[in-house]
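Here's the letter readout for the chains.
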Amino acid sequence: DQQVKQNSPSLSVQEGRISILNCDYTNSMFDYFLWYKKYPAEGPTFLISISSIKDKNEDGRFTVFLNKSAKHLSLHIVPSQPGDSAVYFCAAGGTYKYIFGTGTRLKVLA
Amino acid sequence: NAGVMQNPRHLVRRRGQEARLRCSPMKGHSHVYWYRQLPEEGLKFMVYLQKENIIDESGMPKERFSAEFPKEGPSILRIQQVVRGDSAAYFCASSLDRGRGADTQYFGPGTRLTVL
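Protein sequences appear in the order of chains A and B. Using our numbering, the first residue of the first sequence is number 1, and each one after it goes up by one. Using our numbering, the first residue of the second sequence is number 1, and each one after it goes up by one.
A portion of the hints provided could be inaccurate.
[As the list claims (entries may be wrong)] With a Cα cut of at most 25 Å, we get these calculated SDA-like pairs of lysine to any residue: (1) A:K5 x A:P40; (2) A:K97 x B:R112; (3) B:K44 x A:Y32; (4) A:K97 x B:E40; (5) B:K44 x B:M26; (6) A:K5 x B:K44.
[Claimed, not checked] Computed list of chain A residues with no C-beta within reach of chain B, every gap over 12 Å: (7) R17; (8) I18; (9) T26.
[As the list claims (entries may be wrong)] Derived coverage of chain B by chain A (criterion: at least 3 residues anywhere in the stretch with Cβ under 8 Å from a Cβ of chain A; other residues may be distant): (10) 36-49; (11) 108-116.
Simulated from the structure, these hints should not be mistaken for lab results. A quick note: this is a predicted structure, and the numbers were derived from the prediction, not measured. Beta carbons: idealized from backbone N, C-alpha and C, even for Gly.
Assemble the whole structure, with the sequences as input and the hints as a guide.
Structure representation (structure tokens):
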């Protein structure tokens with residue numbers, strides 16, 4: 001039972017354009033959400049988080065949107081850069097036990 | 001600015017041997033979490049520890065796996081009598097304090113275990 005889903009295994013975007021990565025969850029008890037970026041042979045790197053009391057959080061080129069009624073969150077990266085090419089994981093939880101999605105591989109084309 | 005440290009980065013074991021994976025949390029962090037990632041899958045929670053206490057081990061297999069976080073020294077994830085299905089990347093994360101809400105977890109580089 002996959003409580004956190006990233007339905008797009010891969011995404012290609014031109015440099016300078018917007019990248020939108022999506023994540024859906026099923027458990028309405030989740031109230032804290034995180035995005036991580038992962039390069040091959042490295043650990044996940046924290047990018048940005050959002051709590052359920054907000055619907056948007058922004059940090060530089062990264063913005064996370066949360067739609068609680070749809071149980072959906074998205075990560076926007078603008079402008080996309082070649083160095084953003086990595087696998088992106090969303091994670092959802094309420095305390096410490098985060099459920100991770102299976103990841104979306106983003107490729108930013110120069 | 002030391003992050004979460006894990007060693008070894010790569011570990012090869014034969015079936016039936018023991019694997020010991022070490023994790024030193026970020027400075028000032030007292031909460032440690034272990035996750036496992038199988039190929040083409042997301043990270044799966046295994047166990048949450050504080051110093052000298054296992055808080056939640058609901059994600060740990062019931063047999064052969066154990067974890068500790070002693071008062072001094074790193075956290076250890078121990079896998080006894082390894083089998084091929086244990087081959088995976090094992091990630092450790094740490095956080096500062098559970099406090100009033102959820103905490104951001106910061107990950108180490110992982111240990112890639114290969115069981116021959």
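How the hints compare with the structure:
no.: 1; hint: A:K5 x A:P40; verdict: 21 Å, holds
no.: 2; hint: A:K97 x B:R112; verdict: 22 Å, holds
no.: 3; hint: B:K44 x A:Y32; verdict: 17 Å, holds
no.: 4; hint: A:K97 x B:E40; verdict: 21 Å, holds
no.: 5; hint: B:K44 x B:M26; verdict: 21 Å, holds
no.: 6; hint: A:K5 x B:K44; verdict: 13 Å, holds
no.: 7; hint: R17; verdict: 26 Å, holds
no.: 8; hint: I18; verdict: 24 Å, holds
no.: 9; hint: T26; verdict: 15 Å, holds
no.: 10; hint: 36-49; verdict: holds (count 7)
no.: 11; hint: 108-116; verdict: holds (count 4)
The earlier numbered hints are all upheld by this structure, with none contradicted.
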